[in-house]
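Student: All chains, full assembly: derive it from the sequences and hints.
Per the working numbering, the sequence shown runs over residues 1 to 283.
Think of the hints as simulated: they come from the structure by calculation, not from any bench.
There's no promise every hint is true.
Derived DSBU-like pairs (lysine-lysine); straight-line CA-CA distance at most 30 Å [unchecked claim]: (1) Lys38 / Lys92; (2) Lys92 / Lys189; (3) Lys85 / Lys189; (4) Lys85 / Lys38; (5) Lys62 / Lys85; (6) Lys92 / Lys62.
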Amino acid sequence: MSIVVTAATGHLGNLVIDELLQRVPADQVVVVARNAEKAAPLADRGVEVRIADYNDPAALAKAFGAGDTVLLISGLEPNRVDQHKSIITIAKDAGVARIAYTSVLGGPEADFDLAADHLATEQAILDSGLPYTFLRNGWYNEVYTDQIAAQLEHGVVGSAGDGRIGSAARRDYAAAAAVVLTGDGHEKKAYDLNGDAAWTLSEYAAELADQSGKNVAYNNVPAETHLQILLGAGLPEQFAPILVDVDAAIARGLLAGRGSDLTRLIGRPTTPIADSIAAALSS
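Tutor: Now the structure itself:
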């Protein structure tokens with residue numbers, strides 16, 4: 001009986017492993033990865049690596065065992081709902097004890113395009129009858145701080161208006177996942193996870209300007225203009241409209257936050273956006 005983390009070599013997956021290894025011995029942790037070379041550093045830490053791709057049911061069938069607790073980290077490919085459904089079926093057939101899923105803040109009330117795949121996956125888990133925990137993650141600080149180099153040159157561009165963003169650091173969400181995977185009392189629970197303090201993109205730009213000493217402003221543009229800017233920057237045609245729609249959701253208050261589940265789970269305040277800006281500038 002192991003804790004099995006899928007997509008373990010991704011940004012979130014790596015941090016989940018870090019958090020798990022602070023709580024349980026390495027021999028209780030299994031990682032599922034599609035690339036053995038990328039997974040080698042995890043194997044060096046003593047965890048078991050099982051190679052499987054979300055598109056390879058035969059390999060996935062060997063990734064889960066009876067009694068396992070599984071963290072299904074959502075995929076990124078266009079067919080991810082089908083992938084998720086396949087994984088859920090395979091996990092159920094293997095007799096796993098529980099499945100946790102990284103979903104979207106607000107659950108059924110998350111009325112924007114990015115949420116649709118998550119809600120379909122939640123429903124598939126419910127239909128499976130497996131014991132579950134839904135980790136409904138809000139926006140990551142790093143969605144913005146990973147773009148600081150471009151922001152310092154061109155400013156912060158978006159179409160979210162004065163909408164507030166209740167983000168937290170990726171590690172905060174990873175810590176919550178580790179708590180749920182290693183603890184009791186989380187079955188049939190859905191946690192709305194977001195940062196303690198919400199901020200606007202204007203406030204973000206002002207904080208970045210203050211810390212960097214450079215002139216950084218937020219340029220709020222119409223949605224269509226925002227889309228053309230993203231496409232011009234090289235974002236894929238299928239992905240750019242999703243980001244524009246997320247900004248529309250932010251403008252409607254859908255990512256501002258829904259309580260204090262994240263702080264309660266991890267037992268500490270979430271990481272302020274100012275701290276993530278400072279970390280990015282010093283890296």
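Student: Can you confirm whether the C-alpha distance between Lys92 and Lys189 stays at or below 30 Å?
Tutor: 18 Å, holds
Student: Hey, Lys92 versus Lys62, does the alpha-carbon distance stay inside 30 Å?
Tutor: 13 Å, holds
Student: Is it true that the CA of Lys85 sits at most 30 Å from the CA of Lys189?
Tutor: Satisfied, since the Cα-Cα distance of roughly 20 Å is no more than 30 Å.
Student: Does Lys85 pair with Lys38 here, judged by a C-alpha cut-off of 30 Å?
Tutor: Distance ~25 Å between Lys85 and Lys38 Cα, so the pair holds.
Student: Tell me if the straight-line CA distance from Lys38 to Lys92 falls inside 30 Å.
Tutor: Roughly 28 Å separates the two Cα atoms, so the pair holds.
Student: Going straight from one Cα to the other, do Lys62 and Lys85 come out at no more than 30 Å?
Tutor: 16 Å, holds
When held up to the earlier numbered hints, the structure conflicts with none and fits them all.
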